[in-house]
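Visitor: Heads up: the protein sequence lines correspond to chains A, B and C, in order.
Note that my numbering has the first sequence beginning at 385, numbered continuously upward.
Note that my numbering has the second sequence beginning at 385, numbered continuously upward.
Note that my numbering has the third sequence beginning at 385, numbered continuously upward.
By construction, these hints were calculated from the structure, which means they are not laboratory data.
Please note that the accuracy of each hint is not assured.
[To be verified] Have a look at the derived ranges for each label pair, beta carbon to beta carbon: (1) P434/C - G453/A: 20 to 26 Å; (2) V465/B - A449/C: 31 to 37 Å; (3) D398/C - V460/A: 23 to 29 Å.
[Stated by the list, open to error] Simulated coverage check for chain C against chain A, where a stretch passes if three residues somewhere in it have a Cβ under 8 Å from a Cβ of chain A: (4) 416 to 430; (5) 435 to 442; (6) 446 to 459.
Even for Gly, the Cβ is constructed at its ideal location relative to N, Cα and C.
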Amino acid sequence: MFELATLLAQITTDYGRMGIGLGIGLIIIGAGLGIGRIGGSAVDAMARQPEAGGRIQTAMIIAAALIEGATVIALVFSLLVS
Amino acid sequence: MFELATLLAQITTDYGRMGIGLGIGLIIIGAGLGIGRIGGSAVDAMARQPEAGGRIQTAMIIAAALIEGATVIALVFSLLVS
Amino acid sequence: MFELATLLAQITTDYGRMGIGLGIGLIIIGAGLGIGRIGGSAVDAMARQPEAGGRIQTAMIIAAALIEGATVIALVFSLLVS
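Model the full structure from these sequences, guided by the hints.
Guide: The structure is reproduced here in structure tokens:
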């Protein structure tokens, strides 16, 4: 009976790890979609108005940094939860 | 019977952890889609009307900060729930 | 009975590993979508405004590096979780 309990505890622990692993992947999908959209639109915008390039680049970095910050927090929290 | 209860409690705890992990990933997918959409549209708007760039950037930061705030709260709550 | 326990413990261990493995794949899907979007838009933008090529390349590298940084952190954390 003790062995059964031990091994069932093992089952549950590893379902949790499955979720954490998939969650880390989803985090980067979110970050990639978000920063990718901003960066892609920024270079398109620079090509349309090259003289506004400095301002566009500043806006791109601000928005991308917001996503980057949340992403790193989420990754650290995933590690803490596991 | 006590052992069975203990191990079943363990099962549920770890299904929970699976959900927390997936939830953290979904949080960042939401934040990435949202801030990405705002940032992408903002740089497009700056290219179309460069003289309105300052106002556009302010609006972008306000909207993105609202998503960022909710995201950080959600991440902290995910950690508290686990 | 001991053999059954060993084998079931192995099953559970591998559910966790399955999640980590799929998660690593999702990480690269996210990074590929993001950096791919930025790089693709950057070369399109350069073709439209070749004289703005230097500025566009700078913006592309900044945005792609943000995704790359988060991706490497996520890959290392996946290894730590497993």
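Visitor: Hint by hint, work out which the structure violates, then give me just those numbers in ascending order.
Guide: 1
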